[in-house]
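Make a model of the complete structure from these sequences and hints.
Add 86 to a position in the sequence shown, counting from 1, and you land on the number used in the working numbering.
Bear in mind the hints are in silico, worked out from the structure with no lab data behind them.
Please note: incorrect hints may appear among the correct ones.
As the list claims (entries may be wrong) - What follows is a list of derived Cβ distance ranges for each label pair:
| no. | residue 1 | residue 2 | range |
| --- | --- | --- | --- |
| 1 | Ala226 | Asp102 | 30 to 36 angstroms |
| 2 | Glu88 | Asn146 | 17 to 23 angstroms |
| 3 | Trp271 | Asn146 | 18 to 24 angstroms |
| 4 | Asn146 | Ala234 | 31 to 37 angstroms |
| 5 | Gly256 | Gly100 | 15 to 21 angstroms |
| 6 | Ser174 | Trp232 | 16 to 22 angstroms |
| 7 | Asp131 | Ala234 | 24 to 30 angstroms |
| 8 | Arg252 | Gly225 | 21 to 27 angstroms |
| 9 | Thr222 | Pro199 | 31 to 37 angstroms |
| 10 | Arg230 | Ala183 | 25 to 31 angstroms |
All residues carry an ideal CB built from backbone N, CA and C; glycine is no exception.
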Amino acid sequence: MEPRAAATVILVRGSDAGPEVLVLRRGAAQRFLPGYVAFPGGAVDPGDADLAERWFGTPNEAARACAVRELAEEVGIAFTAAGPLASSAPLEAVHAAPPTAASLAHVARLVAPPRIPIRFDARFFAAAAPSGVEPTPDGAETERAWWARPADLLEPGVHDLFPPTRAVLGALAGCADVASALAVWVDTDEEAIAP
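Put into structure tokens, the structure is as follows:
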């Protein structure tokens, strides 16, 4: 079975204790990984190619469009030409002033090995966020969303993390600032992402 295309967005902001990332806890009723901590994201939908054409000028950026759409839907943050901002109508804000493709750095591509029952080909994008941008969980797909240091999220026994999320957080935990987090690259390693 071919893996399903997916995309994730990692928002990174600075803090006195080092970079923080935006994460969410998936809703308990979700079919895939209920209750797990993850970055905003999901499967690429057929309509994402149209959004990519509208926002980025090419349907080939469907994964980036998916990441922007999921950010809006799951946590109420619009990724616009001015950067991420909280919005009561996030998709409308993106339509009005879409970001550039270059503002979402491609930091990882993780393809699930064949032995995993639900296979994905996930692209991870990262972008800087200003302080003061707070998420609003949708209450269905997302039961909670918050900012945290990657190292804190990796504390043993605290959060359920899917191996790809753990691998990306592990790479981000070594970053001293936002710029280094946006420049990180996480290698595709089947052993690192296998459950």
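These are the hints, each one checked on the structure:
| no. | hint | result |
| --- | --- | --- |
| 1 | Ala226 x Asp102: 30 to 36 angstroms | holds (34 angstroms) |
| 2 | Glu88 x Asn146: 17 to 23 angstroms | holds (18 angstroms) |
| 3 | Trp271 x Asn146: 18 to 24 angstroms | holds (21 angstroms) |
| 4 | Asn146 x Ala234: 31 to 37 angstroms | holds (33 angstroms) |
| 5 | Gly256 x Gly100: 15 to 21 angstroms | holds (20 angstroms) |
| 6 | Ser174 x Trp232: 16 to 22 angstroms | holds (19 angstroms) |
| 7 | Asp131 x Ala234: 24 to 30 angstroms | holds (28 angstroms) |
| 8 | Arg252 x Gly225: 21 to 27 angstroms | holds (26 angstroms) |
| 9 | Thr222 x Pro199: 31 to 37 angstroms | holds (35 angstroms) |
| 10 | Arg230 x Ala183: 25 to 31 angstroms | holds (28 angstroms) |
Of the numbered hints given earlier, the model fails none.
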